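S.K.: For the record, the sequence lines run as chains H and E.
Here the numbering used here is used: position 145 in the first sequence is 145, and no number is missing along the way.
Here the numbering used here is used: position 56 in the second sequence is 56, and no number is missing along the way.
Mixed in with the good hints, there may be bad ones.
Said to hold, decoys possible - Mimicking DSS-like on lysine-lysine, the simulated pairs with C-alpha atoms at most 25 Å apart in a straight line are:
#1 H:K23 <-> H:K548
#2 H:K189 <-> H:K46
#3 E:K192 <-> E:K363
#4 H:K532 <-> E:K46
#5 E:K183 <-> E:K325
#6 E:K544 <-> H:K105
#7 E:K334 <-> E:K23
#8 H:K548 <-> E:K344
#9 E:K517 <-> E:K532
#10 E:K504 <-> H:K105
#11 E:K210 <-> E:K183
#12 H:K544 <-> E:K105
#13 E:K532 <-> H:K46
#14 E:K174 <-> H:K174
#15 E:K532 <-> E:K363
#16 H:K504 <-> H:K363
#17 H:K325 <-> H:K183
#18 H:K544 <-> E:K514
#19 E:K379 <-> E:K253
#20 H:K517 <-> H:K363
#21 H:K253 <-> H:K192
#22 H:K105 <-> E:K105
#23 H:K253 <-> H:K183
#24 H:K131 <-> E:K105
#25 H:K514 <-> H:K504
#26 H:K227 <-> H:K339
#27 H:K363 <-> H:K210
#28 H:K548 <-> E:K105
#29 E:K487 <-> H:K487
#30 E:K131 <-> H:K131
#31 H:K253 <-> H:K227
#32 E:K253 <-> E:K131
#33 E:K344 <-> E:K325
#34 H:K174 <-> E:K548
Claimed, not checked - Simulated restraints on C-beta separations:
#35 H:A42 <-> E:K514: 29 to 37 Å
#36 H:R112 <-> E:D511: 31 to 39 Å
#37 E:H375 <-> H:M485: 34 to 42 Å
Think of the hints as simulated: they come from the structure by calculation, not from any bench.
Quick caveat, the model's predicted, so the values are computed rather than measured.
Here a beta-carbon is modelled for each residue, glycine too, at the ideal position from N, C-alpha and C.
Number of protein chains: 2
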Amino acid sequence: MPYSNSMTVGKYLVKRLEEAGLKHIFGVPGDYVLGFFDLLEASRMKVICTCNELNAGYAADAYARINGVGAVCVTYGVGGFSLFNAAVGAFAERVPLIVISGGPKLSERSHRHLLHHTIGDMNLQYNIYEKITVASTVLLSPEQAPREIDNTIAACLRYKRPVYIEVPVDIITKPCGEPGPFKPDTSIKSDKASLDEAVAETAAILSTAKNPAILAGVEVHRFNIRKELEELINHTGYPFASNLLGKAVLPEKHPQFTGVYNGAIGPESTRRVVEEADVLLSLGSLMTDVNLGIGTARLDISRMVVANSDNVRIKHHIYQHVGLKDFIAGLCSKLPAGKADLGKIDHPSKALKEDFTPVAGQKLTISRFYRRINHFIDKNHVILADAGDSLFCSAELFLPEGVEYIGQAFYLSIGYSLPATLGVELAAPDRRPVLFVGDGAFQMSAQELSTIIRNGLNPIIFLINNDGYTIERVINDGPYNDIKMWKYSMLPQVFGGGWGAEVKTEGELEDALKRAKDNPDSLAFIEVRLDKWDCSSILRNVGKLLGKQNVYR
Amino acid sequence: MPYSNSMTVGKYLVKRLEEAGLKHIFGVPGDYVLGFFDLLEASRMKVICTCNELNAGYAADAYARINGVGAVCVTYGVGGFSLFNAAVGAFAERVPLIVISGGPKLSERSHRHLLHHTIGDMNLQYNIYEKITVASTVLLSPEQAPREIDNTIAACLRYKRPVYIEVPVDIITKPCGEPGPFKPDTSIKSDKASLDEAVAETAAILSTAKNPAILAGVEVHRFNIRKELEELINHTGYPFASNLLGKAVLPEKHPQFTGVYNGAIGPESTRRVVEEADVLLSLGSLMTDVNLGIGTARLDISRMVVANSDNVRIKHHIYQHVGLKDFIAGLCSKLPAGKADLGKIDHPSKALKEDFTPVAGQKLTISRFYRRINHFIDKNHVILADAGDSLFCSAELFLPEGVEYIGQAFYLSIGYSLPATLGVELAAPDRRPVLFVGDGAFQMSAQELSTIIRNGLNPIIFLINNDGYTIERVINDGPYNDIKMWKYSMLPQVFGGGWGAEVKTEGELEDALKRAKDNPDSLAFIEVRLDKWDCSSILRNVGKLLGKQNVYR
Numbered sequence: 001m002p003y004s005n006s007m008t009v010g011k012y013l014v015k016r017l018e019e020a021g022l023k024h025i026f027g028v029p030g031d032y033v034l035g036f037f038d039l040l041e042a043s044r045m046k047v048i049c050t051c052n053e054l055n056a057g058y059a060a061d062a063y064a065r066i067n068g069v070g071a072v073c074v075t076y077g078v079g080g081f082s083l084f085n086a087a088v089g090a091f092a093e094r095v096p097l098i099v100i101s102g103g104p105k106l107s108e109r110s111h112r113h114l115l116h117h118t119i120g121d122m123n124l125q126y127n128i129y130e131k132i133t134v135a136s137t138v139l140l141s142p143e144q145a146p147r148e149i150d151n152t153i154a155a156c157l158r159y160k161r162p163v164y165i166e167v168p169v170d171i172i173t174k175p176c177g178e179p180g181p182f183k184p185d186t187s188i189k190s191d192k193a194s195l196d197e198a199v200a201e202t203a204a205i206l207s208t209a210k211n212p213a214i215l216a217g218v219e220v221h222r223f224n225i226r227k228e229l230e231e232l233i234n235h236t237g238y239p240f241a242s243n244l245l246g247k248a249v250l251p252e253k254h255p256q257f258t259g260v261y262n263g264a265i266g267p268e269s270t271r272r273v274v275e276e277a278d279v280l281l282s283l284g285s286l287m288t289d290v291n292l293g294i295g296t297a298r299l300d301i302s303r304m305v306v307a308n309s310d311n312v313r314i315k316h317h318i319y320q321h322v323g324l325k326d327f328i329a330g331l332c333s334k335l336p337a338g339k340a341d342l343g344k345i346d347h348p349s350k351a352l353k354e355d356f357t358p359v360a361g362q363k364l365t366i367s368r369f370y371r372r373i374n375h376f377i378d379k380n381h382v383i384l385a386d387a388g389d390s391l392f393c394s395a396e397l398f399l400p401e402g403v404e405y406i407g408q409a410f411y412l413s414i415g416y417s418l419p420a421t422l423g424v425e426l427a428a429p430d431r432r433p434v435l436f437v438g439d440g441a442f443q444m445s446a447q448e449l450s451t452i453i454r455n456g457l458n459p460i461i462f463l464i465n466n467d468g469y470t471i472e473r474v475i476n477d478g479p480y481n482d483i484k485m486w487k488y489s490m491l492p493q494v495f496g497g498g499w500g501a502e503v504k505t506e507g508e509l510e511d512a513l514k515r516a517k518d519n520p521d522s523l524a525f526i527e528v529r530l531d532k533w534d535c536s537s538i539l540r541n542v543g544k545l546l547g548k549q550n551v552y553r
Numbered sequence: 001m002p003y004s005n006s007m008t009v010g011k012y013l014v015k016r017l018e019e020a021g022l023k024h025i026f027g028v029p030g031d032y033v034l035g036f037f038d039l040l041e042a043s044r045m046k047v048i049c050t051c052n053e054l055n056a057g058y059a060a061d062a063y064a065r066i067n068g069v070g071a072v073c074v075t076y077g078v079g080g081f082s083l084f085n086a087a088v089g090a091f092a093e094r095v096p097l098i099v100i101s102g103g104p105k106l107s108e109r110s111h112r113h114l115l116h117h118t119i120g121d122m123n124l125q126y127n128i129y130e131k132i133t134v135a136s137t138v139l140l141s142p143e144q145a146p147r148e149i150d151n152t153i154a155a156c157l158r159y160k161r162p163v164y165i166e167v168p169v170d171i172i173t174k175p176c177g178e179p180g181p182f183k184p185d186t187s188i189k190s191d192k193a194s195l196d197e198a199v200a201e202t203a204a205i206l207s208t209a210k211n212p213a214i215l216a217g218v219e220v221h222r223f224n225i226r227k228e229l230e231e232l233i234n235h236t237g238y239p240f241a242s243n244l245l246g247k248a249v250l251p252e253k254h255p256q257f258t259g260v261y262n263g264a265i266g267p268e269s270t271r272r273v274v275e276e277a278d279v280l281l282s283l284g285s286l287m288t289d290v291n292l293g294i295g296t297a298r299l300d301i302s303r304m305v306v307a308n309s310d311n312v313r314i315k316h317h318i319y320q321h322v323g324l325k326d327f328i329a330g331l332c333s334k335l336p337a338g339k340a341d342l343g344k345i346d347h348p349s350k351a352l353k354e355d356f357t358p359v360a361g362q363k364l365t366i367s368r369f370y371r372r373i374n375h376f377i378d379k380n381h382v383i384l385a386d387a388g389d390s391l392f393c394s395a396e397l398f399l400p401e402g403v404e405y406i407g408q409a410f411y412l413s414i415g416y417s418l419p420a421t422l423g424v425e426l427a428a429p430d431r432r433p434v435l436f437v438g439d440g441a442f443q444m445s446a447q448e449l450s451t452i453i454r455n456g457l458n459p460i461i462f463l464i465n466n467d468g469y470t471i472e473r474v475i476n477d478g479p480y481n482d483i484k485m486w487k488y489s490m491l492p493q494v495f496g497g498g499w500g501a502e503v504k505t506e507g508e509l510e511d512a513l514k515r516a517k518d519n520p521d522s523l524a525f526i527e528v529r530l531d532k533w534d535c536s537s538i539l540r541n542v543g544k545l546l547g548k549q550n551v552y553r
């Protein structure tokens, strides 16, 4: 794989990807992008090929959540459109994902050739990606390519959302200018007057507040404002909650942490802190239906200050161009120091105070399983959960400091989490991922277990097998919620690595947990067999609520 | 599952789907579409749930190719976008596919709610599908829904391309008018004057032709013009060829059949008939790069009459609004009867004249494998092939009358064929599918083997295992073309049905073929182990050509 000394568009793009912070890039090769794969192989990045493109997208998304940026590279049409759902999910959940697609060569773009992997319209893929990215480009000219590449990648890093770069197959070898220093402006600029006024108004409201609280959301993580927010919390003494998409955005062991807010379906003590606050500061939180307890949240907008990445809403008026980081820093300097009233806080760590004593022959239940797992998680882990009961149950796990939590808690692509586990461990090689995934979700993307094995990774995967789409059963059951029962625990053998076990009792679970701890370098694939209708009480509530809202019959 | 007597939008849609000719509908449930799944379950159609949405789309596409129409039903966002690539492929290859997606309820569509499975823009999915469908609609009003449904389904049947119907979750129970008789106008209307002139000009050109020939393409199959074309061929005595996407569009045993034309990479005798014709009638053929031998076709437009579904091009002028069926019928009545010069035709059935004698201990090679298979195919089969060498090799198999050939020979989605096998067998339950799929392609959609087993189907699947993406190796090799080796033949056991075998020698292949014949009701999953670089000479040519055209380095 020659890598000549003169600069080309392909090499320029590779260099910027490296400089953006990528150590890995995910993808599936194809003939519109083989030359670029050669350049990637010759780069400092490691190319991680998955079994299909959608899964590459999911892996890159999860990688981005940990690493700060992720990238996926595929061929045109069949590749770009197969991974599309992953890019939509990244847009929804503010994930900085760079999508790179090969494309038809320059001379074939202007007229309607029926080239393979196309429908004859060479602008189709660009036109579609343009709708779900914050910047998108087709590199049509070697003169303009460097600036296009720089601007597109900068937009990804600034807005924490996907961008799209289409690379016609023959442009990569075209000479272009040498790259200058890569100093993209990725800050969200605040308008000073708006910022000052928003901070002043918020401080004035808080000056008479009796029991203010903070709701911390996912943007605090994405825009890397954790330190600033923790300072604000320490400085003011306010209690705070997170939510499903923002779980573990701040350390859960923080004494002022009150739990994961989820309207009436989350913990009651958390609900009270959030909903009974006379001033609620919502910082970086996305007001999604899932974050709001599926319509059960009772938040009074007239008592709220809602700050997102680039604006602040107080009651019913909005300040635009106010960056979240600046706003938090502004509050920290303007608000008086306060002392936390810890007596009022029902700290989620209390779950750990109660010992768990396994009963060897006793059939496992979902509630006993997660109670056991609460004692199993250690600071070395990263927790992942797929959509469904796994998400709701694992959200109630109490996480040690530094343990990240990865789940698509808004867009909810079932099947996301297994490829995500691949992405997470490559982004954080010193961590051991622990995944909770239902059987229905697992079947969606099952082949990536082989990619996890292929890369020598060691996650602990709990396949929660209750024989079907339980989340849908509790909403509206029908034969369509049944799936085929597999002999799941044979899969590590089929894919050639790690070990699998099926556990039905508390004793068998203990053995499997021990085996996982004792074999820290090996994939542990643990199938947890549960009764078909065994699910959490939260999920039952979610089911009732969604069923009622959508009135199926 | 109640199914009340009064008509509703949901029941109306179900009735029209039944009347359009659907006996099965593919999909994956989700909460925006559970109510509609209830109606589907109560209908005369059988609901076939796959492991993921993309695979449901592929299955429905293949079902449509056999059945004349196919449908897939998924939830909003995560469902609709995951299957998107299948819909693009159906558009490219003219497949009548009805895509049905649930959607947010009517009251939540007008403002930007952050509902799960959305990015907050409720028009996104419609706007995207609109680009690759011939009709698309969101059912927003019970008054207009019946007409919208009728028109959309009619467009699918008329133009043989995908349509999109979005069903907001709460509209399905809204009362609407009773359906009248379903008599959609699905004909392609010809302008009589244009038709007459086009036929007359073509007849005049042919009147002095010395060695005319016909190239028959996929639209003859899609628009159901087989009988008319066969009449024309019998009447004129012209020799004819098909191409990759149109393979088996007419019976290959027809004495005037000269083979599958593929430029210089297909059979030389076929190339000569097509390229040396003084008048070439191209009927329903798509001029794709793959159909044209990857740029090796030497077709002289000034000696061609190119008729497609609704227009005719003679040399450099075009007649619009001329239906293909009318044009063929017109030629048949206008042209004088002729006698075929069979002595000139090098009939592809000659491959069968040579016996195949297996050598028990001899290692299998790709060329010996397909020579053996040529004697194995019987009239009860349907042949499927995935993109890659499987497609090129199986295109040279000589097919008995009535044996259909299914492959995505233009859009080339790797991974299409395994879910397609599911769709094909449900559409033609009296047939036994025979699938050729490479290991790389298989890994893309491997989980649908479980759906094939779940539905009690009996295809014979040849997994051609040469350890990686061979089609890409011959274009441009690199480590990205490696994939993880699986113990493939264990998969039937994991998924709970059928049997698997690994064959390395000619003797082992004989045993497996016998076992497949002797167990006609069971899935036969035969892993054919080949050397890494063992592929057909056609594929080597394809690789060189694509490599040269795209100049990777």
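S.K.: Please go over all the hints and tell whether each is borne out by the structure.
M.R.: Hints and how they fare:
Restraint check for K23 (chain H) and K548 (chain H): not satisfied, since their Cα atoms lie roughly 46 Å apart, outside the 25 Å limit. Simply put, K189 (chain H) and K46 (chain H) have alpha-carbon atoms about 34 Å apart, too far for the 25 Å limit, and the pair is violated. The hinted pair formed by K192 (chain E) and K363 (chain E) fails the criterion: a straight-line CA distance of about 61 Å is larger than 25 Å. For the hint pairing K532 (chain H) with K46 (chain E), the CA-to-CA distance comes to about 24 Å; that is within 25 Å, so the pair holds.
For the hint pairing K183 (chain E) with K325 (chain E), the CA-to-CA distance comes to about 20 Å; that is within 25 Å, so the pair holds. This hinted pair checks out: K544 (chain E) and K105 (chain H) have alpha carbons roughly 17 Å apart, not beyond 25 Å. About 40 Å separates the Cα atoms of K334 (chain E) and K23 (chain E), which puts this hinted pair outside 25 Å; it is violated. Between K548 (chain H) and K344 (chain E) the alpha-carbon distance is near 72 Å, which puts this suggested pair outside the 25 Å criterion.
For a cut-off of 25 Å, the pair hint linking K517 (chain E) to K532 (chain E) is broken: about 29 Å separates their Cα positions. With a C-alpha separation of about 40 Å, the suggested pairing of K504 (chain E) with K105 (chain H) is violated against the 25 Å cut-off. Pair hint K210 (chain E) plus K183 (chain E) does not hold up; C-alpha atoms about 45 Å apart against a cutoff of 25 Å. Pair hint K544 (chain H) plus K105 (chain E) holds up; C-alpha atoms about 17 Å apart against a cutoff of 25 Å.
Between K532 (chain E) and K46 (chain H) the CA atoms are separated by roughly 24 Å; this keeps the pair inside 25 Å, and the hint holds. This hinted pair does not check out: K174 (chain E) and K174 (chain H) have alpha carbons roughly 59 Å apart, beyond 25 Å. For the given pair, K532 (chain E) sits about 13 Å from K363 (chain E) by alpha-carbon distance, which is consistent with the 25 Å threshold. In summary, the hint linking K504 (chain H) to K363 (chain H) is supported, as the alpha carbons are separated by about 6 Å, within the 25 Å threshold.
The hinted pair formed by K325 (chain H) and K183 (chain H) meets the criterion: a straight-line CA distance of about 20 Å does not exceed 25 Å. Simply put, K544 (chain H) and K514 (chain E) have alpha-carbon atoms about 54 Å apart, too far for the 25 Å limit, and the pair is violated. About 12 Å separates the Cα atoms of K379 (chain E) and K253 (chain E), which keeps this hinted pair within 25 Å; it holds. For the given pair, K517 (chain H) sits about 22 Å from K363 (chain H) by alpha-carbon distance, which is consistent with the 25 Å threshold.
Distance hint between K253 (chain H) and K192 (chain H) is unfulfilled; the C-alpha atoms sit about 35 Å from each other, more than 25 Å. A distance of roughly 43 Å separates the Cα atoms of K105 (chain H) and K105 (chain E); the hinted pair therefore is violated under the 25 Å criterion. For the proposed pair K253 (chain H) and K183 (chain H), the alpha carbon gap of about 36 Å is over 25 Å, so the pair is violated. Pair hint K131 (chain H) plus K105 (chain E) holds up; C-alpha atoms about 22 Å apart against a cutoff of 25 Å.
Of the pairs offered as hints, the one joining K514 (chain H) and K504 (chain H) holds, with about 15 Å between alpha carbons and a cut-off of 25 Å not exceeded. Pair hint K227 (chain H) plus K339 (chain H) holds up; C-alpha atoms about 19 Å apart against a cutoff of 25 Å. Only pairs whose Cα atoms come within 25 Å are accepted, and K363 (chain H) paired with K210 (chain H) is rejected, the gap being roughly 48 Å. Distance check on the hinted pair: K548 (chain H) and K105 (chain E) sit about 12 Å apart at the alpha-carbon level, within 25 Å; holds.
For the proposed pair K487 (chain E) and K487 (chain H), the alpha carbon gap of about 15 Å is at most 25 Å, so the pair holds. Restraint check: the Cα-Cα separation between K131 (chain E) and K131 (chain H) comes to about 13 Å, which is no more than 25 Å; the hinted pair holds. About 15 Å separates the Cα atoms of K253 (chain H) and K227 (chain H), which keeps this hinted pair within 25 Å; it holds. Note on K253 (chain E) and K131 (chain E): the hinted pairing is violated, with a Cα-Cα distance of about 40 Å set against a maximum of 25 Å.
Straight-line distance between C-alpha atoms of K344 (chain E) and K325 (chain E) comes to about 28 Å, which puts the hinted pair past the 25 Å bound. Distance check on the hinted pair: K174 (chain H) and K548 (chain E) sit about 16 Å apart at the alpha-carbon level, within 25 Å; holds. With their beta carbons about 49 Å apart, A42 (chain H) and K514 (chain E) fall outside the hinted range of 29 to 37 Å. A hinted range of 31 to 39 Å for the beta carbons of R112 (chain H) and D511 (chain E) is inconsistent with their spacing of about 50 Å.
Separation of H375 (chain E) from M485 (chain H) is about 38 Å and conforms to the stated range, judged on CB atoms against 34 to 42 Å.
Of the numbered hints given earlier, the model fails hints 1, 2, 3, 7, 8, 9, 10, 11, 14, 18, 21, 22, 23, 27, 32, 33, 35, 36; all others are met.
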